[in-house]
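Engineer: Generate coordinates for the entire structure from the input sequences, incorporating the hints supplied.
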Amino acid sequence: MIKVENLAKRFGGFYAVNNASLEIAKGSITGLIGPNGAGKTTLFNVIAGVHKPSAGRVLLDGEDITGLPPHSLFDRGLLRTFQIAHEFSTMTVRENLMMVPPDQAGERLWDAWFKPGLVRSQEAEIRKKADEVIEFLEISHVADELAGNLSGGQKKLLELGRTMMVDAKIVFLDEVGAGVNRTLLNTIGDAILRLNKERGYTFCMIEHDMDFIGRLCDPVIVMAEGTVLAEGTIDDIKSNEQVIEAYLGTGLKNKPQVSA
Amino acid sequence: MELLNAFILLSNFVLVPAIAYGSQLALGALGVTLIYGILRFSNFAHGDTMAFGAMVTILFTWWFQSMGISIDPLPTALLALPFGILCCIGFVLATDRIVYRFYRRQKAAPVIFLIASMGVMFVTNGIVRFIIGPNDQQFADGERFIVKARTFKQMTGLEEGLSFKVSQGITVVTAILVVIALFWFLNRTRTGKSMRAYSDNEDLALLSGINPDKVVMVAWIIAATLATIAGTLYGLDKSFKPFTYLQLLLPIFAAAIVGGLGSPIGAIAGGFVIAFSEIMVTYAYKKFIAYLVPESWEPDTLVQLLSTDYKFAVSFMILLLVLLFRPTGIFAGKSV
Amino acid sequence: MSYLSASNMTGGYGRGADILHDCTIEAAEGEIAVIVGPNGAGKSTAMKAVFGMLNLRKGSVTLDGEDITRLTPQDRVAKGMAFVPQTSNVFPSMSVEENLEMGAFLRRDNINGTMEQVYELFPILKEKRRQNAGELSGGQRQQVAVGRALMTQPKLLMLDEPTAGVSPIVMDELFDRIIEVARTGISILMVEQNARQALNIADKGYVLVQGRNRFTDTGEALMNDPEVRKSFLGG
Amino acid sequence: HGDVKLGVILGFTGPIESLTPAMAAGAEQAMSEVSESGKFMGGKSITSVRADSTCVDSAAASAAAERLITSDGVSGIVGADCSGVTTAILTNVAVANGMVMISPSATSPALSDVEDNGLFFRTSPSDARQGQVMTEVIMDRDIKSVAITYTNNDYGKGLADAFQSSFEAAGGTVTISAAHEDGKADYSAEVGALAAAGGDVLVVVGYLDQGGKGVIEGSLDSGAFDTFVLSDGMVGDSLPEAIGSDLNGSFGQAPGTDSEGAAMLNDLMADVDASAPYVAESYDAAALIALAMQAADSTDPSVYKEKIMDVANAPGEKIMPGELGKALEIIAGGGDVDYVGGSNVELIGAGESAGSYREIEIKDGALSTVGFR
Amino acid sequence: MIVTLLGLACFALLVVSLTPRLVGMAPLPDRIRNVSLFAIMALLITIVGLIQSWNVALALLNLCLISSIMALGVNIQWGYAGLLNVGIMGFAALGGVAAVLISADPVADAWAAGALGIFVSFILAVVTVMAAIYTYRNIAPSMARNLALFAIIVIGLVVIRYFYGPARDAIEDVNPASEGYLGGLGLPIILAWPVGGVFAGLAAWVIGKTALGLRSDYLAIATLGIAEIIVAIIKHEDWLTRGVKNVSGLPRPVPYEIDLQQSQWFVDLATRLGQDPALSSSVFVKLCYAILFAIVLLAVLWLSERALNSPWGRMMRAIRDNEVSANAMGKDVVARHLQVFVLGSIVVGIAGAMLTTLDGQLTPGAYQPLRFTFLIWVMVILGGSGNNWGAVLGGFVVWFFWIQAEPIGSWLMETITSGMAEDNALRIHLLNSTAHMRLMTMGIILLLVLRFSPRGLIPEK
Ligand SMILES: Nc1ncnc2c1ncn2[C@@H]1O[C@H](COP(=O)(O)OP(=O)(O)OP(=O)(O)O)[C@@H](O)[C@H]1O
Ligand SMILES: Nc1ncnc2c1ncn2[C@@H]1O[C@H](COP(=O)(O)OP(=O)(O)OP(=O)(O)O)[C@@H](O)[C@H]1O
Ligand SMILES: [Mg+2]
Ligand SMILES: [Mg+2]
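Just so you know, the protein sequences line up as chains A, B, C, D and E, in that order. When we follow my numbering, the leftmost residue of the first sequence carries the number 382, and every step to the right adds one. When we follow my numbering, the leftmost residue of the second sequence carries the number 813, and every step to the right adds one. When we follow my numbering, the leftmost residue of the third sequence carries the number 1349, and every step to the right adds one. When we follow my numbering, the leftmost residue of the fourth sequence carries the number 5, and every step to the right adds one. When we follow my numbering, the leftmost residue of the fifth sequence carries the number 83, and every step to the right adds one.
Please keep in mind that the hints were generated in silico from the structure rather than gathered at the bench. Take these hints with a grain of salt, some might be off.
[Said to hold, decoys possible] Computed Cβ-Cβ distance ranges for the label pairs, DEER-style:
id: 1; chain 1: A; residue 1: SER470; chain 2: E; residue 2: GLY501; range: 52 to 60 Å
id: 2; chain 1: B; residue 1: GLN966; chain 2: D; residue 2: LYS367; range: 24 to 32 Å
id: 3; chain 1: E; residue 1: ILE215; chain 2: B; residue 2: VAL1105; range: 33 to 41 Å
[What the hints assert, rightly or not] Below are the BS3-like pairs computed for lysine-lysine, each with C-alpha atoms no more than 27 Å apart in a straight line:
id: 4; chain 1: B; residue 1: LYS919; chain 2: E; residue 2: LYS543
id: 5; chain 1: B; residue 1: LYS965; chain 2: D; residue 2: LYS367
id: 6; chain 1: B; residue 1: LYS1146; chain 2: C; residue 2: LYS1474
id: 7; chain 1: B; residue 1: LYS965; chain 2: B; residue 2: LYS1098
id: 8; chain 1: D; residue 1: LYS148; chain 2: B; residue 2: LYS1098
id: 9; chain 1: E; residue 1: LYS543; chain 2: A; residue 2: LYS509
id: 10; chain 1: A; residue 1: LYS550; chain 2: A; residue 2: LYS433
id: 11; chain 1: A; residue 1: LYS407; chain 2: A; residue 2: LYS384
id: 12; chain 1: B; residue 1: LYS1146; chain 2: E; residue 2: LYS291
id: 13; chain 1: A; residue 1: LYS510; chain 2: E; residue 2: LYS543
id: 14; chain 1: A; residue 1: LYS496; chain 2: E; residue 2: LYS543
id: 15; chain 1: A; residue 1: LYS634; chain 2: C; residue 2: LYS1503
id: 16; chain 1: C; residue 1: LYS1578; chain 2: A; residue 2: LYS578
id: 17; chain 1: A; residue 1: LYS619; chain 2: C; residue 2: LYS1578
id: 18; chain 1: B; residue 1: LYS960; chain 2: D; residue 2: LYS367
id: 19; chain 1: D; residue 1: LYS48; chain 2: D; residue 2: LYS311
id: 20; chain 1: C; residue 1: LYS1474; chain 2: B; residue 2: LYS1005
id: 21; chain 1: D; residue 1: LYS322; chain 2: D; residue 2: LYS43
id: 22; chain 1: C; residue 1: LYS1503; chain 2: C; residue 2: LYS1474
id: 23; chain 1: A; residue 1: LYS634; chain 2: C; residue 2: LYS1474
id: 24; chain 1: E; residue 1: LYS291; chain 2: A; residue 2: LYS433
id: 25; chain 1: B; residue 1: LYS1146; chain 2: A; residue 2: LYS433
id: 26; chain 1: B; residue 1: LYS919; chain 2: C; residue 2: LYS1406
id: 27; chain 1: D; residue 1: LYS43; chain 2: D; residue 2: LYS9
id: 28; chain 1: B; residue 1: LYS1026; chain 2: B; residue 2: LYS919
id: 29; chain 1: D; residue 1: LYS48; chain 2: D; residue 2: LYS322
id: 30; chain 1: C; residue 1: LYS1427; chain 2: B; residue 2: LYS1026
We put the CB at the ideal spot given by N, CA and C, even for glycine.
Structural biologist: Pasting the structure below:
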């Protein structure tokens, strides 16, 4: 589905992504892990058109999409979330969701001015959809709150919610789990599985929670220092010496003090 | 010899004026850039703050002159400058207390500050005219020239003269010193760094124990000092008239922005870019070329790229070009 | 009496509705206290309340027996409290090193030693110390944020989700370090969504739900409480 | 019954704000002189109502004029100053309301044949005339090559064009004609271009405390020019005072006569410099209105507008500044006056000053009159 | 007296918006507050009508209407999309140019003398630009491309100058004192309003294509510069609109007072109403203008409100809030920015043409940033950016005080100095400085309103 060929991204003299090649199979839930600063987010940003690559190219279903602006990628069904939540802070949660669906009649001035009926009926549908998503993410009580006033975790949920407003082909999730309550995260995991199974979404997700990765992802790709370090099933990865050394570690050195 | 003449010609009419004017702009732009860098808004009142500071300095200068105090050959105004600075600081702190502090507490958007600064501009405008009137004021004394064109010709026997004014010299030197000082202050001292921290993330600055009131106060004090120095030096070189200070605002902002808002070095660079582009593009190179080429090749047109009518337009054109390639100015300034 | 004791806090943002209701949080000297709970429960709000960034309508905060309810955040910093907020917790256009220096803003002594310790804990930061914090990866930023707080050499360290977005190996290091810090007698108050790991090292745990204390117990006890596990720790 | 009000609409704020206070003082000097004489229409007095024309903003100027006429109820207007706002006020407000306007300083040739229903006059000559005079002044000194700088407005551009064509027709060459904007921060670019183009003298068409002064200072400082030819807007005591002896030898012309009118006005006005640009013209504008009212025995503009030319021109007794009381008396007695005033008023055509000029030269750091044209 | 009432009224304005906040009450319901703000504005103008004169009041009203339209235009750019356009002056000036080019009488001699040359050089300019763009787009970045570009531009300039220079001189030599330009088309001036919009829109499109990548204050100074360039061109290119020599005597879309005063039906009407024909003629003319302007204002306002309250408005708010995110959510930020930038500029251009129509003349020197850019910005912010009604109210309030600050200021001065002796030096000094009270009063009012209503009189919802 997505094919990344020898991609590189340079900031000044520093290669954040360095000659990375990988493939995301259609219908898969691919995990992307790696130490902090490995270049995962940068890779996402290049694929999603936020940064222009310094070298290499990206293919979507065989089409070269390198350097296309984000909104064109969105139109091709490629969605992404942000690691640091990018909500519309001066709009309510519901509005945040309602602005997502593409091709709304009311977004064309002509229709907004002269076809109020069409706009109204579309709005009703979109609103219904948004309410469903809000319900699912357990944020109904803040549906009319300004998104800027949400808690850190709620903002991440909203990030995820926006991708659920449209029919996507492939969704890139950048640490949706960070800061999200683990119980809710499990529910989200279930939803991702369901979207994957029932609607055929492809997912690629960056995550540091190995349990979560383990439950959802196959395959898992490990990045380090800008390139792909390893790829395989979660079990392969967990037992890979290099990965353990660079990323997983061996647990706490200090024994937790057990209070009396 | 011809080559030397050509060079002197160019120096006299292009290089020296451009450097002097560039430094004047830079001094003004430093104040704008500082307020933008620390308090994150474009301070439209800066031009009038310069006028205010200069006005107080002038009043003190007159007083000193009337008492016969002078520091010949330097202008008496330099002696009066510290008093002007003090009063200007007082004035600026008062406006902060009365006007800006409220919006800071409200965490208002930068554009609100900007519009509020227009209000302050209007009021300062009025105050200055009330006190000293709208007219031209003379206060320069002391030696006027370091070298005078005529003397230069006599001295060197060249055909072309070169003049360099005391006020130009002082301005250039001051601008350079101030930039170095400011750069050092912001990047090396604790207070300077805390000011940058405050501008980056106010809440976090609070959590680090930085006193926001102090940061703001220091920023205004520096800005007022810069404004008074810039205003007085400008007045010494040209003359003091309140209306010109309003007009000065535009090139000053252009300089601050082309250099990159928030960057002291950028202010200097921006000042020079604006000054040089204004002067170089509209200069008529006829005489200059005449010195360099054989007589038969002498051009019979003025060899002027654009008429002086377009001088302002030219500097903005150059500004646009710079921004197209470096969207936040030469030294990658901030943007809110 | 605990070193930090915030009792019966009730309040919200501006004129909005109350978010905290009678919320009580304590941490004794050298103790690690962890707050967990669903998103939007008011954990961050509680931290801000303890730090004086919220007007409390009821309740009080005492530090080392002294009532600090009325103090400004700055004054609390001077009293030895340090706080890492959950979001926007670095100075983006300052270099990593300057970020750390700002952490030590109130200190008058030599800070190089502490800085070395921070670099030791987060080696990547030493590599990037001349880079602006705004250009760092999410996890690196988080490390800068924690590093900044450590630079304060506080008596009470408050961390709002310090491990969000950091890799497992760094998380382990961080928890290790936190244990070490606590052993030197510093109190730690921490919000965590990586709740099991956090409760694992916690002396005391709070479960907040809708601004109220729902469960309060030792970390271990909470870990072993099936209801807590199921509803808040993800099974 | 009661007082007569006259509007004084000048650019008290804006680009020529430094000239206008003295101009207004000039006009008000005439008004108080008339009032104090006690002979104006059976003892009435004239009061002044000031309004701000801003010099540039037609909309604000029109609004101010509207206020003067329809709210303050003035019976005549001294003003406006800059040609642009003058035209706007005239066509939008004055003509519509049938109000007399006498401008002391709008010199644009276009105003000569503007449609005004006989309501518009000016005590300043059209620029076309001054262009010729300036040519003569320069040619008489055997100077054949000049550079011009003009203030970039209708006054500057109009006069510069008029001068250039008349100078070239007389066989002179103009090396460059470069505009300068008033009130700008720096004039090095202009000075550079002018210097490069060369010329024996620099003709400066502008205002004496604005860009014109800036260009002169810049030229002197850099040694680009030593001698300057000054247009009327540049002639005033404050210029040599500000610049000093370097200006010696520069010359120019300003409206005025061989009569001692200007000097008399200067004596009259205690703390205002009556030699500053357009002060005498302002005095004269107000005086003319008063005399015309007296002659028509009416303050109705549609009536007294007919008398303005009469009182301004011969036949009749010559009236100098300070003699307004005498003039009022003569008129009341049925006699004729020929108002001369501070600027040797002689209205021609549709009511603009014929333009007699005095040639001035700067000697020993002061203005001195060296002849009349 | 006059001013006392005015003062009271503006105090009332403040009070309505502020009292609730001052006494810590819950703010008035929005609708009531907004309606009463507009009511007070209407009252203020009525008071002016009653105690100054209806002419003054209507003259004020007309400019208030034009100002509101300009403020709406800026609000579209800033309030909806967060584009900091500080080049309003330039777009308004383009509207003014349109007024001349549409309505002035053609100057036949000038056409004969140089129209062809101007036309040819215009075509050549277009060709040069196209060639340059073509080269830029179709040749890979290289030294060769740069050289080719340079050559095209230089050759283009030389050829253009060859045709343009003589043509310009020929035109400007035709009766320079009163003509010296091509003149216009001699069409009804009302046509100039849409054309002014088109001029401004085209300019905005070109500017937007190049400069909209800039953010906040950088965009501001860029647009400011472009406006200066536009005005410099208008001042300098005499063959087009006579440059600084001004074009006056533009035709009107409404009758002339003099004609009215001489037409029987009007005199009859006036006498029947018991009015003086002279006075009522100018009232009548102003009323005609007011109706025309009000129609435009209402149309623009209706379209703006519709757009703002539709998903289009939501999308714009999202873009203003967070561009990166909006872009990732499939919104073409660049295209949308261009769209609002052009739309807002069109509105400003229309207003600019209207203003020139009302003035009856084009005075390029009048285009000063203080009046045409900053003042409009003050209107938008003070009224409440992001809110169309706010922008309209801001236009009214600010223009009202811009004009009335003068009498208010002199009244203040007189009151202050009334206690002093006639020849008190301070008194004389103060009275002589009265004119400067205008800016100061304006500043104080601005600061007061902003102080108590920081998000504007009618804030964004
Ligand atoms: N704008 C930038 N300028 C300079 N360096 C950058 C910039 N953005 C990212 N980097 C560097 O690129 C590297 C990769 O960053 P990236 O955000 O892709 O990491 P990541 O793998 O997502 O890490 P994390 O798990 O911490 O989110 C980091 O070392 C970072 O410092
Ligand atoms: N600045 C604010 N203004 C108004 N309401 C706010 C603000 N910040 C947070 N809230 C509200 O307060 C509630 C609690 O927020 P808080 O940030 O304390 O949650 P939290 O427990 O930290 O959640 P998370 O785990 O997601 O970070 C949320 O419902 C949120 O909408
Ligand atoms: Mg990342
Ligand atoms: Mg939180």
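Engineer: If a hint holds in the structure, say so; if it doesn't, say that too.
Structural biologist: For each hint, the structure was consulted:
| no. | hint | result |
| --- | --- | --- |
| 1 | A/SER470 <-> E/GLY501: 52 to 60 Å | holds, 55 Å |
| 2 | B/GLN966 <-> D/LYS367: 24 to 32 Å | holds, 25 Å |
| 3 | E/ILE215 <-> B/VAL1105: 33 to 41 Å | holds, 36 Å |
| 4 | B/LYS919 <-> E/LYS543 | holds, 18 Å |
| 5 | B/LYS965 <-> D/LYS367 | holds, 25 Å |
| 6 | B/LYS1146 <-> C/LYS1474 | holds, 26 Å |
| 7 | B/LYS965 <-> B/LYS1098 | holds, 21 Å |
| 8 | D/LYS148 <-> B/LYS1098 | holds, 20 Å |
| 9 | E/LYS543 <-> A/LYS509 | holds, 23 Å |
| 10 | A/LYS550 <-> A/LYS433 | holds, 22 Å |
| 11 | A/LYS407 <-> A/LYS384 | holds, 11 Å |
| 12 | B/LYS1146 <-> E/LYS291 | holds, 23 Å |
| 13 | A/LYS510 <-> E/LYS543 | holds, 24 Å |
| 14 | A/LYS496 <-> E/LYS543 | holds, 24 Å |
| 15 | A/LYS634 <-> C/LYS1503 | holds, 24 Å |
| 16 | C/LYS1578 <-> A/LYS578 | holds, 26 Å |
| 17 | A/LYS619 <-> C/LYS1578 | holds, 26 Å |
| 18 | B/LYS960 <-> D/LYS367 | holds, 22 Å |
| 19 | D/LYS48 <-> D/LYS311 | holds, 19 Å |
| 20 | C/LYS1474 <-> B/LYS1005 | holds, 20 Å |
| 21 | D/LYS322 <-> D/LYS43 | holds, 18 Å |
| 22 | C/LYS1503 <-> C/LYS1474 | holds, 25 Å |
| 23 | A/LYS634 <-> C/LYS1474 | holds, 22 Å |
| 24 | E/LYS291 <-> A/LYS433 | holds, 20 Å |
| 25 | B/LYS1146 <-> A/LYS433 | holds, 22 Å |
| 26 | B/LYS919 <-> C/LYS1406 | holds, 26 Å |
| 27 | D/LYS43 <-> D/LYS9 | holds, 16 Å |
| 28 | B/LYS1026 <-> B/LYS919 | holds, 17 Å |
| 29 | D/LYS48 <-> D/LYS322 | holds, 24 Å |
| 30 | C/LYS1427 <-> B/LYS1026 | holds, 19 Å |
Checked against the numbered hints above, the structure violates none of them.
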